[in-house]
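A.B. asks: These are the residues of each chain, in order.
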Amino acid sequence: QKEVEQDPGPLSVPEGAIVSLNCTYSNSAFQYFMWYRQYSRKGPELLMYTYSSGNKEDGRFTAQVDKSSKYISLFIRDSQPSDSATYLCAMSEGTGGFKTIFGAGTRLFVKA
Amino acid sequence: AAGVIQSPRHLIKEKRETATLKCYPIPRHDTVYWYQQGPGQDPQFLISFYEKMQSDKGSIPDRFSAQQFSDYHSELNMSSLELGDSALYFCASSLTKREGRGSYNEQFFGPGTRLTVL
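Residue numbers (the numbering used here), protein chains in the order written: chain W, 1 to 112; chain F, 113 to 230.
These aren't lab readings, by the way, just hints derived from the structure by calculation.
Check the hints yourself; a few may be wrong.
Simulated pairs of lysine-lysine, BS3-like, Cα-Cα distance not exceeding 25 Å [to be verified]:
| hint | chain 1 | residue 1 | chain 2 | residue 2 |
| --- | --- | --- | --- | --- |
| 1 | F | K164 | W | K2 |
| 2 | W | K42 | W | K111 |
| 3 | F | K169 | W | K2 |
Computed list of chain F residues with no C-beta within reach of chain W, every gap over 12 Å [as the list claims (entries may be wrong)]:
| hint | residue |
| --- | --- |
| 4 | E129 |
| 5 | Q149 |
| 6 | Q153 |
| 7 | M165 |
| 8 | Q166 |
| 9 | H185 |
| 10 | L200 |
| 11 | G222 |
Virtual Cβ for every residue (Gly too), placed ideally from N, Cα, C.
With the hints as extra help, turn the sequences into a complete structure.
C.D. replies: See the structure below:
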């Protein structure tokens, strides 16, 4: 079993929809929870991160972490065609040189 | 703004050959990470360095080695290449700020080196 599980999709939604992306994990030592966006043939780009449990909002994006359930989510409101990409969750026990474990990535298509 | 530079961008090798991938971090960044991403796969953490010392190690094969030099650039050396080593290899860099718990040191990814082993 992988340390981080993520449904690879693909997920197809109409423009303006609310998108929900999720990951589960098994390592209770994870403290940092990140969401990356990756376009084809490009390196991942950090969208947002959360430390420990709780919610974090940044514009149309909201990240949630439930450490008791070992479950994290990313919500995208008012989705746009430009949001079409692969979204990867990632986790680490620490920052500054600690290994980062990625999920499989969910391919999202937002149709105009 | 300066980004992470990786060279070469594309590399084709034969089985059992060796390859060296280079990574030049963002100026003033002191931490470098290496990842391997197979087709349709998630990035797999290989190894990381902080201030020229190995800081963490993942699923890096014994055939691979890496180091960070005095100018903070890093090289990933791969020997006895196998077909399964064909992948996109990403380098990422970060500035490790010791600001206490909760402050994440963002990793900035390079464009990757696409290695094809024939």
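A.B. asks: For each hint, tell me whether it holds in the structure or not.
C.D. replies: Right, here's what the structure says about each hint:
no.	hint	in the structure
1	K164(F) / K2(W)	30 Å, violated
2	K42(W) / K111(W)	22 Å, holds
3	K169(F) / K2(W)	17 Å, holds
4	E129	24 Å, holds
5	Q149	9 Å, violated
6	Q153	7 Å, violated
7	M165	9 Å, violated
8	Q166	9 Å, violated
9	H185	16 Å, holds
10	L200	8 Å, violated
11	G222	6 Å, violated
Hints 1, 5, 6, 7, 8, 10, 11 from the earlier list are contradicted by this structure; the remaining hints agree with it.
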